[in-house]
Amino acid sequence: MIESVHEVLTRSALVSVAATLVAAVIGIGLGTALALARIPGKQLMTAVVNTGMAVPTVVIGLAVALLLWRSGPLGHLDLMYTVHGMVLAQVLIATPLITGITLAAMRLLPSALPDQLRALGANRAQLVLRMWIEARIPLLAAAMAGFGKAISEVGAVTIVGGNIHGHTQVMTTAIVERVGRGDFNSALLYGAVLLALAFAVNGLLASVRHRGASWERN
Amino acid sequence: MGAELSLRQVRQVRAGREVLRIDALDIGPGEHMSVLGPNGAGKTTLLRLLVGVDRPTSGTVTLDGVSTARRGVEVRRRVAYATQQPGLLSTSVRRNVELPLRWRKVPRRERARLVAEALDRLRVAHLADRPAQTLSGGEQQRVNLARALAIDPEVLLLDEPAAGLDAQTRSAFFADLEQALADRATTVVQVSHRAEEALRFADRVVVLVEGSVHQVGAPEALHHRPADASVAALVGYDNLVSATVRTDGEVLVGGAPTGLLHRGPAGAATVAVFAGGVLLADAHGPGLPVRVARVIPGPGHHVLALEGAVSLLAHLPMRVQAPLTGDVVRVVFDPVLSVVLPDSPADPTPGVLDGVELAYPSRVPS
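Going down the list, the sequences are from chains A and B.
So in this note's numbering, spot 143 of the first sequence is number 143, and the numbers just go up one at a time.
So in this note's numbering, spot 45 of the second sequence is number 45, and the numbers just go up one at a time.
Chain A extracted, bound-state conformation (with noise of 0.2 Å):
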């Protein structure tokens, strides 16, 4: 039973940590994006956004499904009932939430502040660099945001992954068919163990957001 508590909950943390580095690469570039470039359609392409933060996460499981399924698009990928597949749910999941919370953060900036950077001579990457760092504490918000999103997430991937054993199996999966077969003692386990895991996640990033608080003052 432990070894097993102990594989699901590996195999959620990797899932969970892989999606959230691609949704925080494609979330923070998008978001910024958004808020500094001079881009057609950028209201349109905010509104979406705003609405991909609100859709049910079983909605996008079945979109990911359609997409993934042998006859779909990218059935060629044979990513159906992998956790390659379940990433990419994941992925689709937290890039939204990171994008808007991205987008807030650089509003809450002062704008003057790019061409302020400019004027010192910042070309765009020293520019964007420089204000992502100005923003980090809230950056890194999105991003636990992002993973609090996507480890808790349970419909997408029983949908997308199917709960297999060994396979595609993760804590959230793992709870719901324990309570669906009566097991109560064994989800409360999973569920003190997945809870233990967002704390520890959490606690390391509280940290890390604190050292960069300091490193502000510095």
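Among the clues, some could well be false.
With beta-carbon atoms standing in for the labels, derived distance ranges [stated by the list, open to error]:
(1) B:GLN85 <-> A:GLN43: 22 to 32 Å
(2) B:GLY300 <-> A:HIS210: 56 to 66 Å
(3) B:SER171 <-> A:ASN50: 49 to 59 Å
What the hints contain is simulated information worked out from the structure, not anything from laboratory work.
The beta carbon of each residue, even a glycine, is placed where N, CA and C say it ideally should be.
Chain A is already provided as a structure; the job is to place chain B on it using the hints.
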């Protein structure tokens, strides 16, 4: 060595409104140019074009013949722009000053030397390790300037560099700024809405009003020969009154003589007079009759609010007995501290005193 800046047929349109139009303006290498204008005159817009942050809607802005809009980063790295809000980054003072040097790939050891030198020059070396956001307004302005000077720019653009500082701090700030620039050939463009700051160390001053250039000239020329009433008001003339110039040259305000003679064309005009140029005349002689509405003690002089055909502000030396509130007195205008601005475009000319007997004639130079 400072760089040369040129603007040709520049038009800047924002939200359908033309906010800046300059047909031609050249700022020579090493020249100190001040841009004086009220809020919304287009001063910051001009600086943003000079640094290449914005592109003009039409026309060209060049730095040593190179378009600032086309060669973005390359041009911006020759220019330092100290914005009105210091906008210091959320890191230490030292890192704030160092960052533009790092972006210019200045070697680490050289960076440390330049940062220390710039902070020392602006008297903020003791703040080097403090978080920039914890500094006072005056300290932030100094760090902002140190950051601009550390890169040893060819062009230094200063946007109201002492905005938000109290009078004493402002004075000390400008003294240090002058000292910091003393041994450099940097081209400096400073914008301000305060005449005393704009004229302080400028070789030439550009007066911008509602986006267009009203006058370009040496500070003395602006004082003695303002091009129009808006320039006169900006350079500090306290009184701007409507007047009539008779064919014999006598200048009348409300039909009463002012003691000024004008050598220009007859007709409607505006007389600009510094408060110190409103002189009490003999009560029974020629002059503009006014009632003393208020007497306020000022630094070294009485401030008189006068009401009559026009409202006037006068400064009376402390050694002269001030009239009482409610007294009716006659005033004339000191030609040295007055200028007649014809309403039809023509060169403004200083007034000429018309042999008026003054209550304290020693104030009028012979």
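Hint-by-hint comparison with the structure:
{"no.": "1", "hint": "B:GLN85 <-> A:GLN43: 22 to 32 Å", "in the structure": "holds (28 Å)"}
{"no.": "2", "hint": "B:GLY300 <-> A:HIS210: 56 to 66 Å", "in the structure": "holds (57 Å)"}
{"no.": "3", "hint": "B:SER171 <-> A:ASN50: 49 to 59 Å", "in the structure": "holds (51 Å)"}
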